[in-house]
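Residue numbers (our numbering), protein chains in the order written: chain A, 1 to 331; chain B, 332 to 662; chain C, 663 to 993.
Source of the hints: derived by calculation from the structure; they are not laboratory data. The structure presented is a predicted model; accordingly, all values stated were derived computationally and were not measured. All C-beta atoms, glycine included, are put in the ideal place defined by N, C-alpha and C. There may be inaccurate statements among the hints.
As the list claims (entries may be wrong) - So the derived label-pair ranges between C-beta atoms look like this:
hint : chain 1 : residue 1 : chain 2 : residue 2 : range
1    : B       : ASN553    : A       : ASP298    : 39 to 49 angstroms
2    : A       : ASP252    : C       : ASP940    : 58 to 68 angstroms
3    : C       : PRO779    : B       : ALA594    : 50 to 60 angstroms
What the hints assert, rightly or not - Heads up, simulated BS3-like pairs for lysine-lysine below, C-alpha to C-alpha not over 30 angstroms straight-line:
hint : chain 1 : residue 1 : chain 2 : residue 2
4    : A       : LYS181    : A       : LYS269
5    : A       : LYS320    : C       : LYS702
6    : C       : LYS702    : B       : LYS371
7    : A       : LYS124    : A       : LYS145
8    : A       : LYS40     : B       : LYS651
9    : C       : LYS786    : B       : LYS600
10   : B       : LYS601    : C       : LYS932
11   : C       : LYS982    : B       : LYS371
12   : A       : LYS40     : B       : LYS371
13   : C       : LYS932    : A       : LYS124
14   : A       : LYS269    : A       : LYS145
15   : A       : LYS269    : B       : LYS455
16   : B       : LYS455    : A       : LYS270
17   : C       : LYS702    : A       : LYS40
18   : C       : LYS931    : A       : LYS124
What follows is each chain in one-letter form.
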Amino acid sequence: MTKMAHHDLFHIIDARPFDRLLLDELVELTSLARAMGQSKEGSAFLSGLLQHKRAMLYFTQPSTRTFLSFNNACQILGIGTSEIRDRSISSEVKGETFEDSIRTFSSYVDVIIMRTPGDGRADKAAQLMDSIPRRIPIINAGSGKDQHPTQALLDVYTLQRSFADRGGIDGKVIGMIGDLKRGRTVRSLSYLMKNYRDVRLVFIAPPTFEMEADIRQHLATNGIEFAETTCLDEVLPQLDALYVTRMQSEHDAGDESKSFDYARYSITKKELEQMRPDSIIMHPLPRGPEIHPTVDQDPRAVYWRQERNGMWMRVAVLIKLFGAEQQLIDG
Amino acid sequence: MTKMAHHDLFHIIDARPFDRLLLDELVELTSLARAMGQSKEGSAFLSGLLQHKRAMLYFTQPSTRTFLSFNNACQILGIGTSEIRDRSISSEVKGETFEDSIRTFSSYVDVIIMRTPGDGRADKAAQLMDSIPRRIPIINAGSGKDQHPTQALLDVYTLQRSFADRGGIDGKVIGMIGDLKRGRTVRSLSYLMKNYRDVRLVFIAPPTFEMEADIRQHLATNGIEFAETTCLDEVLPQLDALYVTRMQSEHDAGDESKSFDYARYSITKKELEQMRPDSIIMHPLPRGPEIHPTVDQDPRAVYWRQERNGMWMRVAVLIKLFGAEQQLIDG
Amino acid sequence: MTKMAHHDLFHIIDARPFDRLLLDELVELTSLARAMGQSKEGSAFLSGLLQHKRAMLYFTQPSTRTFLSFNNACQILGIGTSEIRDRSISSEVKGETFEDSIRTFSSYVDVIIMRTPGDGRADKAAQLMDSIPRRIPIINAGSGKDQHPTQALLDVYTLQRSFADRGGIDGKVIGMIGDLKRGRTVRSLSYLMKNYRDVRLVFIAPPTFEMEADIRQHLATNGIEFAETTCLDEVLPQLDALYVTRMQSEHDAGDESKSFDYARYSITKKELEQMRPDSIIMHPLPRGPEIHPTVDQDPRAVYWRQERNGMWMRVAVLIKLFGAEQQLIDG
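Looking at chain A on its own, in the form it has when it is part of the complex (with noise of 0.2 angstroms):
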């Protein structure tokens, strides 16, 4: 984030730097949005919001969930939307500069959300606007490896509103499982843990898919207790969230998902017994056989309903990023 202040939105390129206050009024703003979304004329009224905005959707790297959520959110606010999905119709095949290309589209749009393949794509974008008069915010919505900032966002609002009644993620113990080395969201979550109160995270994976040191290190570092099992059975009573995350088998170097041994580390019926009543599965999808479909149908199973948060939340982060967040809450 190149700019980041309390209170105040412009590039939105990695969840780290997000504070408890700018969290918790991001979840107040997707909580009041959602509920405006439910009649005609709440919805008539987040439509005029931003009527006046206009947002360039590139997405040359392959999403469904993410460009779908956006776009939309977009759409319930009245901002109008181009998007660019695959490269070869591009001017990039005239031989533009990235930065050219970039440079472009801000002169048509009011904000770029970006998805790009090759890392440090959103931020050297970023850079960019920040050199030029006509700046405008860029957000990253996962491009290459890189942070994906709206998808820990929504996996806050997903955690924080599960637990509403239960005074939120606070003292909450939350279990990751899967392949925690390279997935994005597990990652951004863990880090953004530091924000909250007395948490216990639960690491499950088998030894080539376990967390990185640089977050245990972290962790460490913030006094945020974890723990780390190659055996799901053992904490599963324990858990109030568990968050399940796919194989990255498109950033393996070798074989390496191959070894993965999915009877250990799946969701079934099974486990679904030794879960608490008041706990919660969690998936930023698509999923793998890593859950069971037949586990959609238990009330734990959140992940359906996160998704559409992850459209809510992208409603609310637009509105903050053009300072419309009081007009929402008046109006």
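Fit chains B and C to the given chain A structure using the hints.
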């Protein structure tokens, strides 16, 4: 159609269950919406009618006409749209199942309009929707070899409207020519004719492409008179409407389409001379050599109007689907 | 342009027939719309102006800039858009003719904006429209090697606006550098200069890429002074504007582009030193090595503003096309 009752629409998978009451209502709503769309004020009214709704256009099977008419129908009603028209840009490349993709779309929008390769997909999507808490309607826009219900509806509308001064469809003689064996449109339309009184059908095709037994059986069972011929000239003077279709060569097992004798089964100026002055020529488009472009200038050629009718019928379908028909009538 | 009268616009195929009266009016409308777009209230007014219209963006030839500027211009005016940017998803794969495709688009929308491979396509589409009952305007967005009229208009606007305090385009010395032989923009702009008083043109290019005889003939016939040189340094101090263009290497017969000597025909800090303090540097973008990125910081570099002007000029063109200019003026 998973659910179907008088004056109640949800999933639209198949035209066959549509009854006269519903067909008549949709024809009415289409004419009403269309008349409104003529003025700037009427357009403004329509564009507010469903502004709180959003649609997913999931069109991974090539389509210009159906895609554009649904997209523009949505715009007329203020419905925001998201589109996937290229499978390579979606999460299916990460191995997501069809069911999870559909459920994901349903998280963000209020209706899914789909045309995807493979049979039975729309029905499968509708069944999924019926099993989840946030159930939204599915519209089959012509998936695979399945039914193409909104095409059948716009055909009914075009017939009914063209014969508005002559008592509508009841009592008319309707010829169908071309690839009757594999043409979805002529099959669906034949099916729906049971809703009208004293209609007579004339099937004109070489034996290789003649209407299938199931439709002939259906007509016999429902007491609808029909004749079959290989000679167009012979029947031309009797017809009120001639529904022309193209060769479905994409469904060829071998080379059968090449055997089709356009010299005997095409419409040119010569055929026009034999047709009644108050008859009409329809075609679902796109057309091949079966209608010569000079025919377009003849006032009896209504296929371009039929195409535009498709957009307005889809406007009516969406209005009915979201229960806004009374608002339209009162507006 | 199939039809053209003072203060009347329909098809926009070619910039050449535009006269001073119309150019001045479009410049006015552009400035007016642009000023309005600065406030939320003005934006709301603009977004209702053509809300009852829909556009087809038929861009099967790669284009970022022109596509985005038309798409955003439509959004500013509340015009709904449909896009085809990939031929493989359209009915042309079923063998539909170009004429039938265009007529199909025209069934659903109120204007077709097109950029397709092949010469004369926009003109052909306009002729088709003039022969059917539901005639809608065609805008050529730079099809094939044809004219690119809206680019010429935005260039005129940028010149006129940049010299607003110095009497506009009249009396200015305008240099053009680069691939003058094949560059549509410099050709069109040269052509339009007959509408201005005492303009002097200076063509700067190596012999292989010099301005074609037809344009030089046109200038001579219309009494527009021009000079040709192979030496940029010599003329730099005289110029009010320098219009820089890129190599059209996609139109190379052999390897001619590789012979272009960027050392002699590029703009760097060195060239800036020789230019007048009140001069401007334009470029239609995308750029190649002919303008060094460090030039962007110089206040005389107006090409990024020129790009954004393109969106607002297209707003003005659409307003004029649909006869809403008085509403804009009164609004």
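Here is how each hint holds up against the structure:
The hinted window of 39 to 49 angstroms between ASN553 (chain B) and ASP298 (chain A) holds, with their beta carbons roughly 47 angstroms apart. For the hinted restraint 58 to 68 angstroms between ASP252 (chain A) and ASP940 (chain C), the CB-CB distance of approximately 59 angstroms keeps it satisfied. Checked against the given bound of 50 to 60 angstroms, the beta carbons of PRO779 (chain C) and ALA594 (chain B), roughly 34 angstroms apart, lie outside it. Between LYS181 (chain A) and LYS269 (chain A) the CA atoms are separated by roughly 26 angstroms; this keeps the pair inside 30 angstroms, and the hint holds.
The straight-line distance between the Cα atoms of LYS320 (chain A) and LYS702 (chain C) is roughly 17 angstroms, inside the 30 angstroms bound, and the hint therefore holds. The straight-line distance between the Cα atoms of LYS702 (chain C) and LYS371 (chain B) is roughly 23 angstroms, inside the 30 angstroms bound, and the hint therefore holds. Straight-line distance between C-alpha atoms of LYS124 (chain A) and LYS145 (chain A) comes to about 14 angstroms, which keeps the hinted pair within the 30 angstroms bound. Straight-line distance between C-alpha atoms of LYS40 (chain A) and LYS651 (chain B) comes to about 17 angstroms, which keeps the hinted pair within the 30 angstroms bound.
For the suggested pair LYS786 (chain C) and LYS600 (chain B), the alpha carbons sit about 24 angstroms apart, so the restraint of at most 30 angstroms is met. For the hint linking LYS601 (chain B) to LYS932 (chain C), the alpha-carbon distance of about 74 angstroms lies beyond 30 angstroms, and the restraint is violated. The hinted pair formed by LYS982 (chain C) and LYS371 (chain B) meets the criterion: a straight-line CA distance of about 17 angstroms does not exceed 30 angstroms. A threshold of 30 angstroms between alpha carbons decides the hint, and for LYS40 (chain A) with LYS371 (chain B) the separation of about 23 angstroms falls inside it, so the pair holds.
A hinted pair counts as satisfied when its Cα atoms are at most 30 angstroms apart, and LYS932 (chain C) with LYS124 (chain A) qualifies at roughly 28 angstroms. In summary, the hint linking LYS269 (chain A) to LYS145 (chain A) is not supported, as the alpha carbons are separated by about 33 angstroms, beyond the 30 angstroms threshold. For a cut-off of 30 angstroms, the pair hint linking LYS269 (chain A) to LYS455 (chain B) stands: about 24 angstroms separates their Cα positions. Distance restraint check for LYS455 (chain B) and LYS270 (chain A): the Cα-Cα separation of roughly 28 angstroms lies within the 30 angstroms cut-off, and the hinted pair is therefore satisfied.
For the given pair, LYS702 (chain C) sits about 23 angstroms from LYS40 (chain A) by alpha-carbon distance, which is consistent with the 30 angstroms threshold. For the suggested pair LYS931 (chain C) and LYS124 (chain A), the alpha carbons sit about 24 angstroms apart, so the restraint of at most 30 angstroms is met.
Of the hints listed earlier, those the structure fails to meet are numbers 3, 10 and 14, in rising order.
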